[in-house]
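Q: The chain contents come next:
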Amino acid sequence: MEINPDNIAIFSIGSFTVNATLLFTWIVMLILALGSFLITRKLSSGLKIKSGQNLLEVIVVSMRSQIREVSQQIPDQYLPFIGTLFLFIVVSNILAVVPGFDPPTRSLSTTAALAFCVFLSVPIYGIRKKGLKNYLRAYVKPSFFMLPFNIIGELSRTLALAVRLFGNIMSGTVIIGILLAITPFFVPIALQLLGLLTGIIQAYIFAILAMVYIASATRSKQQGEANE
Amino acid sequence: MDPLALIGMVSVIVSGLTIAIGSVGPAFGEGKAVAQALSSIAQQPDEASTITRTLFVGLAMIESTAIYCFVVAMILIFANPFWKYFVTQAGG
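So the sequences go chain by chain: A and B. Numbering (the numbering used here) for the first sequence: 33 to 260. Numbering (the numbering used here) for the second sequence: 928 to 1019.
Certain hints may be false.
To be verified - Partial list, derived from the structure: chain A residues whose beta carbon lies under 7 Å from chain B:
(1) Ile-35
(2) Val-130
(3) Ala-192
(4) Arg-196
(5) Gly-199
(6) Ser-203
(7) Ile-237
The set of hints was computed from the structure by calculation and includes no laboratory data. C-beta atoms are modelled at their ideal positions from N, C-alpha and C, and glycine is treated no differently.
Start from the sequences and build out the full structure, keeping to the hints where you can.
A: Next up, the structure:
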């Protein structure tokens, strides 16, 4: 099987080639957006709510509580970004068991783009919360000689985010592809189950690590932020 | 031995060694981390959710090194630039 879904070309419009990564990213986006739109068209606040609304409420409430626990701040400012990261990665990893679906997180391009979003979001949230001077002062925090190490640490943890997600998902699909050639009947199913588990765990870890990095950049001196 | 055969042989041997040696360290580290997390959950069951979350974050960090070794092994087998260069030279 092709090791890099960026090289699988589906169709081309003029000189712009749509490869498998792009197509399946669009499919995941369509599933998330269309599903949420259809479920949230008629929301009810009584005791009896539909199962779709219940599912979304469970997901959103648990994400908010996790963000609140990790950041010790009001979670609503981070929920759109972290929630979108988690939902996109978890849907694209779980749908890997659907035959014919090629998870876009199998490509280093997707994971590098997501890690780059996290890399940009840390200074954005930090400067918005603490101001430019206070945020930059954190880089020389223990002493001035720590400045290159802090910068290198920030770059390397972004790289680690990308490679971790890419390595886990790619290894899952490559192992299943190889096993399909060797012992095709029941053994790939066990590994697809493992792939489901690691997919969800890796999505959770990606979102939690992004939250930890943002929280360490926006942590204020007094930790008594309003917990609702 | 011509360069194509030499590169192929060395790449396969080294990629096997990479993933074999590279997965020993993280496995030991993760075992120690999980053991410590289990004993601290036994000591403080109320904090189980915080401990579990921190355990998962720590395991992800430890796993990173094993993932790097795996990616290098995959590159050596499937996307080896030296192999590709000599294949195009031999073919052209």
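Q: Please go over all the hints and tell whether each is borne out by the structure.
A: Hints versus structure:
no., hint, verdict
1, Ile-35, "holds (5 Å)"
2, Val-130, "violated (24 Å)"
3, Ala-192, "holds (5 Å)"
4, Arg-196, "holds (5 Å)"
5, Gly-199, "holds (4 Å)"
6, Ser-203, "holds (6 Å)"
7, Ile-237, "holds (4 Å)"
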